[in-house]
Amino acid sequence: MIHQPASSFYEAHVREFILEAEELLKLHETLTKVYVQSTGNPLWVIFKDMERVIFYVSNRSPSSWHH
Numbered sequence: 000m001i002h003q004p005a006s007s008f009y010e011a012h013v014r015e016f017i018l019e020a021e022e023l024l025k026l027h028e029t030l031t032k033v034y035v036q037s038t039g040n041p042l043w044v045i046f047k048d049m050e051r052v053i054f055y056v057s058n059r060s061p062s063s064w065h066h
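To convert, note that position 61 of the sequence shown is 60 in numbering that gives the first Met the number 0; the numbers rise steadily by one, no gaps.
Treat each hint with caution, since some may be false.
What the hints assert, rightly or not - DEER-style ranges, computed between Cβ atoms:
no.: 1; residue 1: Arg14; residue 2: Pro41; range: 34 to 40 Å
no.: 2; residue 1: Leu26; residue 2: Arg51; range: 31 to 37 Å
no.: 3; residue 1: Asp48; residue 2: Lys25; range: 27 to 33 Å
no.: 4; residue 1: Glu50; residue 2: Ile17; range: 30 to 36 Å
no.: 5; residue 1: Glu10; residue 2: Asn40; range: 38 to 44 Å
no.: 6; residue 1: Glu19; residue 2: Met49; range: 37 to 43 Å
What the hints assert, rightly or not - Straight-line alpha carbon distances no greater than 25 Å define the calculated SDA-like cross-link-like pairs of lysine to any residue that follow:
no.: 7; residue 1: Lys32; residue 2: Ile17
no.: 8; residue 1: Lys47; residue 2: Ser37
no.: 9; residue 1: Lys32; residue 2: Trp43
no.: 10; residue 1: Lys47; residue 2: Val13
no.: 11; residue 1: Lys32; residue 2: Leu18
no.: 12; residue 1: Lys25; residue 2: Val35
no.: 13; residue 1: Lys47; residue 2: Glu28
no.: 14; residue 1: Lys32; residue 2: Glu22
no.: 15; residue 1: Lys25; residue 2: Arg14
no.: 16; residue 1: Lys47; residue 2: Tyr34
no.: 17; residue 1: Lys47; residue 2: Arg14
no.: 18; residue 1: Lys25; residue 2: His12
no.: 19; residue 1: Lys25; residue 2: Glu50
no.: 20; residue 1: Lys25; residue 2: Trp43
no.: 21; residue 1: Lys47; residue 2: Leu23
no.: 22; residue 1: Lys47; residue 2: His12
no.: 23; residue 1: Lys25; residue 2: Gly39
no.: 24; residue 1: Lys47; residue 2: Gln36
no.: 25; residue 1: Lys25; residue 2: Val13
no.: 26; residue 1: Lys32; residue 2: Val13
no.: 27; residue 1: Lys25; residue 2: Val44
no.: 28; residue 1: Lys47; residue 2: Val35
no.: 29; residue 1: Lys47; residue 2: His27
no.: 30; residue 1: Lys25; residue 2: Gln36
no.: 31; residue 1: Lys47; residue 2: Thr31
no.: 32; residue 1: Lys32; residue 2: Ala11
no.: 33; residue 1: Lys32; residue 2: Glu10
no.: 34; residue 1: Lys47; residue 2: Glu15
no.: 35; residue 1: Lys25; residue 2: Phe46
no.: 36; residue 1: Lys32; residue 2: Leu42
no.: 37; residue 1: Lys25; residue 2: Pro41
no.: 38; residue 1: Lys25; residue 2: Leu42
no.: 39; residue 1: Lys32; residue 2: His12
no.: 40; residue 1: Lys47; residue 2: Thr29
Since the hints were derived computationally from the structure, they do not count as laboratory data.
Ideal Cβ positions, reconstructed from N, Cα and C, are used throughout, including at glycine.
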């Protein structure tokens, strides 16, 4: 018979990951509601804006950042 003692180790990590994911979803919902209240925009607008990936680009070159 072959034992797999490490399987409980992975199960603990999966449970922890699920709890963290649930907490992140709650935080996302709370933050979305704060944005709705503070901006006056509808929920769907805030949700759509939060799901976008936005990259901000500087007009200056990296060599000029420290001057």
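A quick look at each hint next to the structure:
1. A hinted range of 34 to 40 Å holds for the C-beta pair Arg14 and Pro41, which are about 36 Å apart.
2. A beta carbon spacing of about 18 Å between Leu26 and Arg51 contradicts the range 31 to 37 Å that was offered as a hint.
3. For Asp48 and Lys25, the hinted distance range of 27 to 33 Å is not satisfied, since their beta carbons lie about 19 Å from each other.
4. Range check, Glu50 to Ile17: Cβ separation about 22 Å, and the 30 to 36 Å hint is violated.
5. A hinted range of 38 to 44 Å for the beta carbons of Glu10 and Asn40 is consistent with their spacing of about 42 Å.
6. With their beta carbons about 19 Å apart, Glu19 and Met49 fall outside the hinted range of 37 to 43 Å.
7. For a cut-off of 25 Å, the pair hint linking Lys32 to Ile17 stands: about 23 Å separates their Cα positions.
8. Only pairs whose Cα atoms come within 25 Å are accepted, and Lys47 paired with Ser37 is accepted, the gap being roughly 16 Å.
9. Taken as a hint, the Lys32 and Trp43 pair is honoured in the structure, with Cα atoms around 11 Å apart against an allowance of 25 Å.
10. Straight-line distance between C-alpha atoms of Lys47 and Val13 comes to about 29 Å, which puts the hinted pair past the 25 Å bound.
11. At roughly 21 Å between alpha-carbon atoms, Lys32 and Leu18 fall within 25 Å of each other, so this suggested pair holds.
12. Between Lys25 and Val35 the CA atoms are separated by roughly 15 Å; this keeps the pair inside 25 Å, and the hint holds.
13. For the proposed pair Lys47 and Glu28, the alpha carbon gap of about 13 Å is at most 25 Å, so the pair holds.
14. Distance hint between Lys32 and Glu22 is fulfilled; the C-alpha atoms sit about 15 Å from each other, no more than 25 Å.
15. A hinted pair counts as satisfied when its Cα atoms are at most 25 Å apart, and Lys25 with Arg14 qualifies at roughly 17 Å.
16. Between Lys47 and Tyr34 the CA atoms are separated by roughly 12 Å; this keeps the pair inside 25 Å, and the hint holds.
17. Between Lys47 and Arg14 the CA atoms are separated by roughly 29 Å; this puts the pair beyond 25 Å, and the hint is violated.
18. With a C-alpha separation of about 20 Å, the suggested pairing of Lys25 with His12 holds against the 25 Å cut-off.
19. For the hint pairing Lys25 with Glu50, the CA-to-CA distance comes to about 15 Å; that is within 25 Å, so the pair holds.
20. Restraint check for Lys25 and Trp43: the C-alpha separation of about 17 Å stays at or below 25 Å, so the hint holds.
21. The suggested pairing of Lys47 with Leu23 holds, with an alpha-carbon distance near 17 Å, which does not exceed 25 Å.
22. Of the supplied pair hints, the one linking Lys47 and His12 is violated, its CA atoms being roughly 31 Å apart against a limit of 25 Å.
23. Distance hint between Lys25 and Gly39 is fulfilled; the C-alpha atoms sit about 21 Å from each other, no more than 25 Å.
24. Distance restraint check for Lys47 and Gln36: the Cα-Cα separation of roughly 16 Å lies within the 25 Å cut-off, and the hinted pair is therefore satisfied.
25. Annotation: proposed proximity of Lys25 to Val13 holds, straight-line Cα distance about 18 Å (limit 25 Å).
26. Taking the CA atoms of Lys32 and Val13, the gap is about 29 Å. The hint is violated against a cut of 25 Å.
27. Between Lys25 and Val44, the direct Cα distance comes to roughly 19 Å. Compliance with the 25 Å bound is thereby established for this hinted pair.
28. Between the alpha carbons of Lys47 and Val35 the distance comes to roughly 12 Å, so the proposed pair stays at or under 25 Å and holds.
29. Taking the CA atoms of Lys47 and His27, the gap is near 13 Å; set against the 25 Å cutoff, the hint holds.
30. Using a Cα cut-off of 25 Å, the hinted pair Lys25 and Gln36 holds, with the two alpha carbons roughly 17 Å apart.
31. Between the alpha carbons of Lys47 and Thr31 the distance comes to roughly 10 Å, so the proposed pair stays at or under 25 Å and holds.
32. Only pairs whose Cα atoms come within 25 Å are accepted, and Lys32 paired with Ala11 is rejected, the gap being roughly 32 Å.
33. Pair hint Lys32 plus Glu10 does not hold up; C-alpha atoms about 33 Å apart against a cutoff of 25 Å.
34. For a cut-off of 25 Å, the pair hint linking Lys47 to Glu15 is broken: about 28 Å separates their Cα positions.
35. Straight-line distance between C-alpha atoms of Lys25 and Phe46 comes to about 14 Å, which keeps the hinted pair within the 25 Å bound.
36. About 7 Å separates the Cα atoms of Lys32 and Leu42, which keeps this hinted pair within 25 Å; it holds.
37. Annotation: proposed proximity of Lys25 to Pro41 holds, straight-line Cα distance about 19 Å (limit 25 Å).
38. Under the criterion of a C-alpha separation no larger than 25 Å, the hint pairing Lys25 with Leu42 is consistent with the structure, at around 15 Å.
39. Straight-line distance between C-alpha atoms of Lys32 and His12 comes to about 30 Å, which puts the hinted pair past the 25 Å bound.
40. Taking the CA atoms of Lys47 and Thr29, the gap is about 15 Å. The hint holds against a cut of 25 Å.
In summary, the numbered hints that this structure violates are 2, 3, 4, 6, 10, 17, 22, 26, 32, 33, 34, 39.
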